[in-house]
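Chain by chain, the residues:
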Amino acid sequence: MSALHDSHLGGGVVFPFPLRGPDFSGGRTAATPVHGAVGRYLLISGLLLLFSLCLAGGGIVVAAHADSEILNVSYDPTRELYQEFNVAFSRHWLEQTGERVVVRQSHGGSASQARAVIDGLAADVVTLALAYDIDALAAHQLLPRNWQARLPHESTPCTSTIVFLVRKGNPKGIKDWGDLIRPGVQVITPNPKTSGGARWNYLAAWSWAETQFGGDPGKVRGYMEQLMARVPVLDSGARAATTTFAKRGLGDLLLAWENEAILAVEKLGPHDLEIVRPTRSILAQPPVAVVDRVVDARGTRKVAEAYLRYLYTPEGQEILARHHFRPTDPTVATRHAQKFPPLLMTTLQERFGDWQQAQARHFADGGLFDQIQKSKPAP
Amino acid sequence: MSPRRADLPFLSNRSELLSEPLWVRLLLLTLALTFLGGFLFLPLFVVFGEALAQGFAFYFATLRTPDAQSAIGLTLLVALVAIPCNLLFGVSAAWAIAKFRFPGRALLLTLIDLPFSVSPVVAGLIFILMFGAQGWATPLLRPFDVKIVFAVPGIILATLFVTFPFIARELIPLMEEQGVEDEESALMLGASGWQTFWRVTLPNVRYGLMYGVLLCNARAMGEFGAVSVISGHIRGLTNTMPLHVEVLYNEYEFVAAFAVASLLTILALVTLGVKNVLQWRYRDQLQAAEH
Numbered sequence: 001m002s003a004l005h006d007s008h009l010g011g012g013v014v015f016p017f018p019l020r021g022p023d024f025s026g027g028r029t030a031a032t033p034v035h036g037a038v039g040r041y042l043l044i045s046g047l048l049l050l051f052s053l054c055l056a057g058g059g060i061v062v063a064a065h066a067d068s069e070i071l072n073v074s075y076d077p078t079r080e081l082y083q084e085f086n087v088a089f090s091r092h093w094l095e096q097t098g099e100r101v102v103v104r105q106s107h108g109g110s111a112s113q114a115r116a117v118i119d120g121l122a123a124d125v126v127t128l129a130l131a132y133d134i135d136a137l138a139a140h141q142l143l144p145r146n147w148q149a150r151l152p153h154e155s156t157p158c159t160s161t162i163v164f165l166v167r168k169g170n171p172k173g174i175k176d177w178g179d180l181i182r183p184g185v186q187v188i189t190p191n192p193k194t195s196g197g198a199r200w201n202y203l204a205a206w207s208w209a210e211t212q213f214g215g216d217p218g219k220v221r222g223y224m225e226q227l228m229a230r231v232p233v234l235d236s237g238a239r240a241a242t243t244t245f246a247k248r249g250l251g252d253l254l255l256a257w258e259n260e261a262i263l264a265v266e267k268l269g270p271h272d273l274e275i276v277r278p279t280r281s282i283l284a285q286p287p288v289a290v291v292d293r294v295v296d297a298r299g300t301r302k303v304a305e306a307y308l309r310y311l312y313t314p315e316g317q318e319i320l321a322r323h324h325f326r327p328t329d330p331t332v333a334t335r336h337a338q339k340f341p342p343l344l345m346t347t348l349q350e351r352f353g354d355w356q357q358a359q360a361r362h363f364a365d366g367g368l369f370d371q372i373q374k375s376k377p378a379p
Numbered sequence: 001m002s003p004r005r006a007d008l009p010f011l012s013n014r015s016e017l018l019s020e021p022l023w024v025r026l027l028l029l030t031l032a033l034t035f036l037g038g039f040l041f042l043p044l045f046v047v048f049g050e051a052l053a054q055g056f057a058f059y060f061a062t063l064r065t066p067d068a069q070s071a072i073g074l075t076l077l078v079a080l081v082a083i084p085c086n087l088l089f090g091v092s093a094a095w096a097i098a099k100f101r102f103p104g105r106a107l108l109l110t111l112i113d114l115p116f117s118v119s120p121v122v123a124g125l126i127f128i129l130m131f132g133a134q135g136w137a138t139p140l141l142r143p144f145d146v147k148i149v150f151a152v153p154g155i156i157l158a159t160l161f162v163t164f165p166f167i168a169r170e171l172i173p174l175m176e177e178q179g180v181e182d183e184e185s186a187l188m189l190g191a192s193g194w195q196t197f198w199r200v201t202l203p204n205v206r207y208g209l210m211y212g213v214l215l216c217n218a219r220a221m222g223e224f225g226a227v228s229v230i231s232g233h234i235r236g237l238t239n240t241m242p243l244h245v246e247v248l249y250n251e252y253e254f255v256a257a258f259a260v261a262s263l264l265t266i267l268a269l270v271t272l273g274v275k276n277v278l279q280w281r282y283r284d285q286l287q288a289a290e291h
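Protein sequence lines correspond, in order, to chains L and R.
So in the working numbering, spot 124 of the first sequence is number 124, and the numbers just go up one at a time.
So in the working numbering, spot 99 of the second sequence is number 99, and the numbers just go up one at a time.
Treat the hints as calculated values from the structure; they're not laboratory data.
This one's a predicted model, so the numbers in the text were calculated from it and none came from an experiment.
Glycine included, every Cβ here is placed at the ideal spot set by N, Cα and C.
A portion of the hints provided could be inaccurate.
What the hints assert, rightly or not - Subject to a maximum C-alpha distance of 30 angstroms in a straight line, what follows is the list of computed DSS-like cross-link-like pairs (lysine-lysine): (1) L:K193 to L:K175; (2) R:K147 to L:K193; (3) L:K302 to R:K147.
To be verified - Label pairs and their in silico Cβ distance ranges: (4) L:V276 to R:F39: 36 to 42 angstroms; (5) L:V276 to R:R64: 50 to 56 angstroms; (6) R:W280 to L:E266: 49 to 55 angstroms; (7) L:F213 to R:F116: 50 to 56 angstroms; (8) R:G73 to L:Q226: 47 to 53 angstroms; (9) R:V121 to L:G353: 34 to 40 angstroms; (10) R:L42 to L:D365: 42 to 48 angstroms.
With these hints in hand, go ahead and build the complete structure from the sequences.
Rendered as structure tokens:
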């Protein structure tokens with residue numbers, strides 16, 4: 001025993017017993033020495049670790065092949081629009097400056113995207129569903145409070161409106177907002193707490209009801225309660241709601257952005273879906289802004305500003321119109337007039353003041369939307 | 001270890017005592033198979049059917065798009081970092097817990113289980129609250145100019161968090177059951193602590209370890225919730241495969257979405273296959289881990 005101890009202390013170890021796994025197999029023994037296999041296994045794991053660390057290091061520098069890279073954090077239904085627009089802008093920027101720019105995109109419900117930017121998602125530009133969500137960034141000093149005055153048309157290069165998407169042939173005969181609360185009609189709309197489109201939907205319904213009932217607050221409230229009682233699910237973003245309606249087949253009607261509705265008909269089935277335009281809707285204004293704090297830190301202000309200004313050029317407006325947004329440029333608008341029939345559209349200002357007021361009254365915690373959700377009748 | 005059937009004579013003649021009539025067995029079998037078919041095989045076929053709806057050429061073309069490639073690369077990277085880290089942690093934690101008694105041992109055990117009981121979404125939010133622009137750890141990191149949330153490090157952190165218990169949880173019961181006798185003999189015979197670990201402890205648990213790595217890998221590659229919260233969904237940059245499936249699905253690219261989903265399904269099938277082989281060959285050793 002002492003000899004063994006000496007060798008132990010000396011470092012050179014003689015292993016006096018054959019090494020093998022303990023016999024748990026009831027006679028079916030793995031009698032081979034296994035330390036070699038395990039050693040190899042661990043060696044491989046070690047190499048993998050090293051390799052992955054190299055990769056991790058590499059991943060951070062990989063993005064360096066473009067001259068600059070900017071991130072556009074946007075809302076849900078603009079996915080296809082910016083895929084095309086980004087390519088066009090990169091080409092335009094290369095022609096103008098000789099620099100290569102890669103525009104990255106990220107999409108989700110407008111409010112949740114704004115939240116992510118506040119939490120540190122490094123957006124050079126934000127293109128969101130409504131001004132309130134960009135105001136929220138201004139409240140966190142990411143950009144100045146007067147951001148909306150920095151670009152034409154209150155920083156909205158295009159507008160849209162809220163329309164109805166119904167099943168082909170309109171089996172429930174839905175014509176206007178009043179038909180939505182008929183018995184047996186199910187309505188799909190996303191959650192106004194997270195989705196910008198949903199807030200426009202809600203305000204469009206509200207403003208129709210105000211006109212319809214001569215501003216009687218009780219009747220307006222009653223209509224909204226009836227309407228919300230017909231909503232089986234509240235998705236978090238406009239796109240999820242479209243998928244719920246068109247792909248999963250839930251509901252008789254989807255309240256949607258006009259652009260989203262046209263796209264859904266185009267992509268998911270001209271034979272399954274059709275659009276109904278109500279007698280009155282709301283002028284939806286999705287604004288855009290450069291995030292000063294981010295572009296100044298990253299040195300991307302010039303390209304970020306050019307990116308947003310390109311939205312206002314005839315080429316940019318043409319792409320917007322092609323993706324079913326109502327262009328603000330009159331020439332481009334005339335060219336696409338057929339696609340965007342005129343519609344009586346209330347503006348946010350004339351009914352709800354500004355977004356701060358609308359948000360505080362309707363969508364803040366304990367606001368009218370929450371009260372309606374609580375007091376609505378059982379479906 | 002549970003007693004073997006041969007040790008219990010009253011159970012040894014199983015076929016006579018425990019058999020049900022033929023029709024009962026057939027009925028049960030049909031029920032089980034219908035259930036399996038409806039809930040497991042049918043969805044599997046749907047995934048591959050949809051993925052190949054426009055032929056093999058289209059299938060491979062969608063997997064070769066830059067965004068898909070980047071998603072696959074990021075997923076592999078995340079797994080490649082998460083597994084070795086959890087391997088290191090899992091083995092050392094299991095070793096410490098199973099072979100030694102020390103103050104705080106019970107606490108450590110509870111902490112290891114924490115990621116199992118926390119919802120993945122909360123796991124993601126924890127990191128946003130810590131490292132987000134408003135987070136309390138952010139001022140500390142500012143001088144180093146590292147981005148954690150909405151970047152690759154955050155995704156790796158979130159994945160590490162949710163896959164943290166897999167290896168340790170697999171090893172602890174196994175090591176506890178094996179006890180310390182083997183190690184004691186090795187030490188008695190003159191092996192150093194390090195040698196005992198490499199040559200006795202580790203070989204004894206190798207199959208449990210592989211099993212743990214397998215499960216850890218499956219979760220690391222498939223994690224959606226925690227990663228979704230922290231990724232920022234920047235395509236080509238911070239989208240992993242599960243997130244990329246969602247993006248494609250939301251963009252009405254259903255075939256492409258199912259093509260990427262089919263890769264994850266193949267991963268699941270391979271995991272399942274290897275798991276079964278391991279289970280079948282080393283069932284006695286693995287049994288301990290399932291107690």
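Do the hints match the structure? See the list:
Of the supplied pair hints, the one linking L:K193 and L:K175 holds, its CA atoms being roughly 27 angstroms apart against a limit of 30 angstroms. A threshold of 30 angstroms between alpha carbons decides the hint, and for R:K147 with L:K193 the separation of about 28 angstroms falls inside it, so the pair holds. Restraint check for L:K302 and R:K147: satisfied, since their Cα atoms lie roughly 23 angstroms apart, inside the 30 angstroms limit. For the pair L:V276 and R:F39, the supplied restraint of 36 to 42 angstroms holds, since their beta-carbon distance comes to about 39 angstroms.
Between L:V276 and R:R64 the Cβ separation comes to about 41 angstroms, which falls outside the hinted range of 50 to 56 angstroms. For R:W280 and L:E266, the Cβ-Cβ distance of about 52 angstroms falls inside the hinted range of 49 to 55 angstroms, so the restraint holds. Remark: the range hint 50 to 56 angstroms for L:F213 to R:F116 is upheld by a beta-carbon distance near 54 angstroms. For R:G73 and L:Q226, the Cβ-Cβ distance of about 51 angstroms falls inside the hinted range of 47 to 53 angstroms, so the restraint holds.
The hinted range of 34 to 40 angstroms is satisfied by R:V121 and L:G353, whose Cβ atoms lie roughly 35 angstroms apart. For the hinted restraint 42 to 48 angstroms between R:L42 and L:D365, the CB-CB distance of approximately 43 angstroms keeps it satisfied.
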